[in-house]
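Could you slot chain D onto chain G? The hints should help.
Protein chains: 2
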Amino acid sequence: MTRSQPPAVLSAVRDLVDRPLREAIDRLAPKIRRVAAYHFGWEEADGRPGNGGGKAVRSALAVLSAQAAGAPAAVGIPGAVAVELVHNFSLLHDDVMDGDEERRHRPTAWTVFGRSAALLAGDALLGLAFDVLLDAEHGDAAQRCLGSATQELIAGQFDDLDFETRLDVSLDECVSMAGAKTAALMACASSIGARLAGADPALVNALDDFGRHLGLAFQLVDDLLGIWGAPEVTGKPVGADLRARKKSLPVVAAMTSGTPAGEELRILYGGEKLHADADAHVVGLAAELVEAAGGRRWAMEEADRRLAAACAALDGVPVVPAAKTGLLDIARYVTSRDH
Amino acid sequence: MTRSQPPAVLSAVRDLVDRPLREAIDRLAPKIRRVAAYHFGWEEADGRPGNGGGKAVRSALAVLSAQAAGAPAAVGIPGAVAVELVHNFSLLHDDVMDGDEERRHRPTAWTVFGRSAALLAGDALLGLAFDVLLDAEHGDAAQRCLGSATQELIAGQFDDLDFETRLDVSLDECVSMAGAKTAALMACASSIGARLAGADPALVNALDDFGRHLGLAFQLVDDLLGIWGAPEVTGKPVGADLRARKKSLPVVAAMTSGTPAGEELRILYGGEKLHADADAHVVGLAAELVEAAGGRRWAMEEADRRLAAACAALDGVPVVPAAKTGLLDIARYVTSRDH
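Chains G and D supply the protein sequences, listed in that same order. Reading the first sequence from the start, the letters are residues 88 to 426 in my numbering. Reading the second sequence from the start, the letters are residues 88 to 426 in my numbering.
Calculated directly from the structure, the hints in this document are not laboratory data. All values reported here derive from a predicted model rather than from experimental measurement. Every residue gets a Cβ at the ideal spot worked out from N, C-alpha and C, and that includes glycine. A few of these clues could be false.
[What the hints assert, rightly or not] Below, computed lysine-lysine pairings styled on DSSO-like, alpha-carbon distance capped at 27 Å:
{"no.": "1", "chain 1": "G", "residue 1": "K142", "chain 2": "G", "residue 2": "K323"}
{"no.": "2", "chain 1": "D", "residue 1": "K142", "chain 2": "G", "residue 2": "K118"}
{"no.": "3", "chain 1": "D", "residue 1": "K333", "chain 2": "D", "residue 2": "K142"}
{"no.": "4", "chain 1": "D", "residue 1": "K118", "chain 2": "G", "residue 2": "K333"}
{"no.": "5", "chain 1": "G", "residue 1": "K333", "chain 2": "G", "residue 2": "K142"}
{"no.": "6", "chain 1": "D", "residue 1": "K333", "chain 2": "D", "residue 2": "K323"}
[Claimed, not checked] Listed next, the stretches of chain G that the computed footprint assigns to chain D, with coverage defined by at least 3 CB atoms under 8 Å from CB atoms of chain D:
{"no.": "7", "segment": "113-127"}
{"no.": "8", "segment": "197-208"}
{"no.": "9", "segment": "221-232"}
{"no.": "10", "segment": "254-263"}
[Stated by the list, open to error] Here are some, though not all, of the chain D residues that point toward chain G, as calculated from beta-carbon distances under 7 Å:
{"no.": "11", "residue": "A116"}
{"no.": "12", "residue": "S203"}
{"no.": "13", "residue": "L207"}
{"no.": "14", "residue": "T237"}
{"no.": "15", "residue": "Q238"}
{"no.": "16", "residue": "L248"}
For reference, chain G alone in the conformation it holds in the complex (with noise of 0.2 Å):
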């Protein structure tokens, strides 16, 4: 993992979808649209101007996969608003659930406007989303690929949460999870593009298997950075996903590798030391033993293989060479990123 720069087609991108993502909040009432404003960054909560949001991975995606069926940029936006949409309503939800305070360098919506107006306005952005495709052509094909997607990442909260509870956890049912969870959706902004321009049905699943990769590479590269990765870069409390006993990719990977250091993270974990207020050091301890049992080197090997595949699985469809480019630097960007 080396520092890297985003690629141009990311702000590109962003540059396009922003408005008529701007547009499509503005249709909700007003006081949840304030939620939502917060929540991407757009506003502060008095109402002043927002620093921007995110970065906006799966609009880039969504875009490009209309591009790399020979379609226009416009194409895909409606599918890149509908995928932000309902990113930004399991971000809402999530947060609530997981009683996470911080996102993005800022705090959580639920902690400034209460877990209700949270909850409500990642509602709201559900509905909405499957609103947007709707006066799209092939927007049929775009809501079917986003509702599954959805119904998979709702499972995949579910199973994670349910994680929380269990030391019995097998790796096969975390990679499982992290599919459901991140993949699934990444798969779908990476073909919904295609998918709304009436590709052949080929080169859309070669798109989804491609985001489907790349969606389980990047979340091995966030288990690690929720591990490794310094609060300033990740917008997260040191040491947050070990303190709340995240049963995270590397963290599984070491439990279950039968080291004597898994063994002794796996008492950690079934212990009552780590609490809130675990001290630096019990969560330096934790990092250790995930590393010492093989977990960091395993999750940065199978993060690599996943890019690989990734990558490979746009090869032997006719994809657009500039869009394929542009899939493939967003694809190295994320799972290099150290921002």
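Below, chain D alone, put in the same frame as chain G:
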């Protein structure tokens, strides 16, 4: 409000919609399906069969609205399923937000499965609602109606929660809130079948108006039952609405009446007197003040006016007579209910 039997059309349509609704729920991930099946009353928490669910008023309205346009009942079924899904999404989420522990004489889903599980099940139902309309002819028109009703419903719940912290809620605001929270989905239910049938806009609008007036009449009666209904009849603890300081329609009508009793009620609501542990005496006093201030009378008369307006909405448009009879039977039943 005299004792009344459910009209036959209600159980007839429930039999018709039960299977497609269960089939839709069966598509959910097993862990989520379990929460939904409990909520619908199909299963107990341990998986044993349940005693069945709600009255499915909205299903009946949806199917009858297809028949009102001369289409077979089957045309309305995807609309019935979609509307039930949105309705039950909102019940699952509202029960978490309101902290309600009982519904339909049973512990609410969040008290059994936890808050996150109930929220995720609600999310899943919302996503599914748009999905079930995808394959229907004129499904886009149905989705559009469902999407905007969902946004109204969410905004209505937002206002309802907001009102709990305010003492200056006007009757107009309260009627708008109820219109959004309850009547919007009832309007959608009453017209979605006709929309799926591709009916003439004049008929669609008349059915929508019917449902909107009916929704308000229904809410007024529900609010009256929330104060004066017997717990064995309503499935809720006695005086629950008053204990929660709900700004329900009769309460706000009383508070804004300009009468001494209304002023006393406002002081009672504003003070710290109406706690969860408030004794029956204080709850009884609040109910007496609502009555003395004319809130009960106003709500009963307004319910009658809204019921009349609902019925009148169907005059002057070509509604298939048998369907019209069914719609009016349901309208009279849900506004005179004592179940």
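_Tell me the hint numbers this structure goes against, listed in increasing order._
As far as the earlier hints go, 2 and 10 are violated by this structure, in ascending order.
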